[in-house]
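Q: Each chain, letter by letter, is given below.
2 protein chains.
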Amino acid sequence: MIAEILATGDEIRSGALVDSNSAHIARALEEAGVFVQRHVCVGDDMEMLAQILTDMGARADIAVVTGGLGPTLDDLTAEAVARAAGVELALDQTALDAIEAFFEKRGRTMTASNRKQAFLPAGSERLDNPYGTAPGFRLKIGRCTFFFMPGVPFEMTRMLDQQVLPRIERLLGGNRLMCRVQTISTFGLTESATGERVAELAQRFPDLQLGLRAKFPEIQVKLYARGRDGDHLQRILTDATDWVTAQLGDKVFALDESSMEAVVGRLLTEQDATVAAAESCTGGLISHLLTNVAGSSRYFLFSGVTYANRAKIDLLGVLPETLERFGAVSEETAREMAMGARRAGGATFGIATSGIAGPDGGTADKPVGTVCIGLATPEGAAGRRFYFPFGERSRNKTIFAMTALELLRRELIGRGAQPFER
Amino acid sequence: MIAEILATGDEIRSGALVDSNSAHIARALEEAGVFVQRHVCVGDDMEMLAQILTDMGARADIAVVTGGLGPTLDDLTAEAVARAAGVELALDQTALDAIEAFFEKRGRTMTASNRKQAFLPAGSERLDNPYGTAPGFRLKIGRCTFFFMPGVPFEMTRMLDQQVLPRIERLLGGNRLMCRVQTISTFGLTESATGERVAELAQRFPDLQLGLRAKFPEIQVKLYARGRDGDHLQRILTDATDWVTAQLGDKVFALDESSMEAVVGRLLTEQDATVAAAESCTGGLISHLLTNVAGSSRYFLFSGVTYANRAKIDLLGVLPETLERFGAVSEETAREMAMGARRAGGATFGIATSGIAGPDGGTADKPVGTVCIGLATPEGAAGRRFYFPFGERSRNKTIFAMTALELLRRELIGRGAQPFER
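Residue numbers (my numbering), protein chains in the order written: chain A, 1 to 422; chain B, 1 to 422.
Derived from the structure by calculation, the hints contain no laboratory data.
Misleading hints may appear alongside valid ones.
Which copy is meant is left open, because identical chains are indistinguishable; a pair holds if it fits in one copy or across any two.
[Said to hold, decoys possible] As a list, the in silico DSS-like pairs of lysine-lysine whose alpha-carbon atoms are at most 30 Å apart:
(1) 222 to 116
(2) 366 to 105
(3) 215 to 105
(4) 222 to 366
(5) 140 to 222
(6) 366 to 215
(7) 116 to 215
(8) 105 to 140
(9) 366 to 140
(10) 116 to 366
(11) 140 to 215
(12) 140 to 116
(13) 105 to 116
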């Protein structure tokens, strides 16, 4: 079964609105075992709409269309469908009753333009919409079964689940292909290095499809398994996940799409440990990430964002001599900052960053992208220096913060300090 | 000039990723005066790609394509282009040199798979990509000029501005319908309240098109002027901007798409003032936002992210009696936190937040969405309480942080403290 998705509307066509409906529909169709081959988006243009519906009717088995069912003049979908299918629009009395009831229930007056919404292409099956005034409908054009829904996401997502997907499952019958997905989240290898390490996957697991997704700064390895036997798919995925994890080692930080900060939070909770941070160049981002996780108040105690040297001395107890001798961006300062955060917060662990996020402030010795990260544990403290070539402030802040969290993660899983490999 | 946009990649096709690139490109093309007629998205499938490129080449004048230029096996765009255009792939020595330099500069080893990225369709013009390893290229297929770019948004958006749009402007030549856009950034009104206040715009300025864009938590009012006389367009836009600003008053914080944190930073710099923060529920987000602005070290001195009460007492000098009597989430505690941040940082201003971002921790008296914000100035300090109905942790953190920055902005422009209106 091959499906296509059509999103209509000038707002999406012109880029005023990002089309999130199509991704939502694609995900739902793929999970139901339908292969989505193409998405198309066009504006409110009768000729164009009728032409595209005709084209899709010749190509696909299933098509899901959103938008253009509203009451205004630029809502053209029903009429374009009638043209493409060569039928008339006809009043659907049940649809009209439902629209009238919708307004009555809300104490609002129905306008003449809403009456238009009750005219559906002759021969179509009405798809009820209890969430708005526009009913959807199902109709075959060419060889393809079309499902039409309004574009409002709140209405569309509910109609998809309640009206469209059950009908598609019936169409699929015994012909149903399932799709299972496994995401393996990694940090510390480039996309191409990751790709090379898992290059043999295609030979070892010929039934799987591999996808790499750069979700800066993490790289996700995605495994897709398609077939008819759910248990069999799960077994292949489990074997392949074990194999990929063996290739990538401790670069893998999650198998359930968790973020790095959520993984660190889970490890801290499991070990009944707490953390405090001292941030210079990351400017609060480490704390922001850690506190994005619900329940983080259990293990996150304190962060001092100390841009100024004065604050590093007064609040974190960094020695003026250290700053004098090694500079603010140095392993020694980062180490003392981490110790200061740990002490000030009364925490099990202290992490600290001092570096140059840019665009200014770089030197030959310490260019933009240089960061020193300190980690203080109950056993001692150390500072390490890294250089990242991204050359852009917000990316630098992100990779600096993620590296600090990764160092803490490695400490928590007992794997020492080397987060990067060639 | 008619344009089409093509997004490639299995992640987008299958719905694993929402395609925001196409909307970004559509907006940029429409602003440049090019009509975008259709967006298409397909997966990593050679036959399909070559077929669609051929179809687009017969239909459109301009096509912008993203994705499939990476180093891995499923990056097929260059080969599909070669097929559709009937040419070979050829090594582009300049591209190879750039890729090698990219790796050398970062002290990383270039892999064999990256070499593939330097093979471009014969006869194409290379589009340099200083932000990644994949060069783009321009090539005519059929009657249509295609621009190919990587799919990584960070690389794509920059290449679009620097490489693609200038070439499209040259293609347009005298045929160009200009589109001027004015963005008016506001904070403190809902989208519908904003719409009502500027509803008369269509009558007063019939040549302009109005768009409202909710960029949570700010609302942008966008004015579009289209025509051939640039000076005339600019005059209308200036008049309309004055009128809109008069309707929205000091809810308007920027006319140049600056972020709230950049506006606050500019005001602080102008007034030779500095700021320190104390964050509880915002968890470092205020500092993160302020330090996203390049040069913020001139005015941002310190933030204490004090989740624990102990840290509020020890580091900010909040009185234990205040916490005891009023609780951590109270106007009084927020006020003392702001005073403590100002004192600890040695800053002109102190801002502080204490609230309940959720999902847990709400009470009948102080439900999730409650925040107390303190502001300390050279003249004194005050705490204020707000409630937001968003009920979701990350949205709450964002609106809490923005409200704190807005209170500081209002102080800096001498407009007192009331940031919200019905």
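Q: A separate judgement is required for each hint: does it hold in the structure or not?
A: Evaluated hints:
no., hint, in the structure
1, 222 to 116, "between (43 Å within a copy, 23 Å between copies)"
2, 366 to 105, "between (53 Å within a copy, 14 Å between copies)"
3, 215 to 105, "between (37 Å within a copy, 23 Å between copies)"
4, 222 to 366, "neither (37 Å within a copy, 42 Å between copies)"
5, 140 to 222, "neither (34 Å within a copy, 34 Å between copies)"
6, 366 to 215, "within (27 Å within a copy, 37 Å between copies)"
7, 116 to 215, "between (39 Å within a copy, 22 Å between copies)"
8, 105 to 140, "neither (33 Å within a copy, 57 Å between copies)"
9, 366 to 140, "neither (62 Å within a copy, 45 Å between copies)"
10, 116 to 366, "neither (59 Å within a copy, 33 Å between copies)"
11, 140 to 215, "neither (37 Å within a copy, 32 Å between copies)"
12, 140 to 116, "within (22 Å within a copy, 44 Å between copies)"
13, 105 to 116, "within (20 Å within a copy, 63 Å between copies)"
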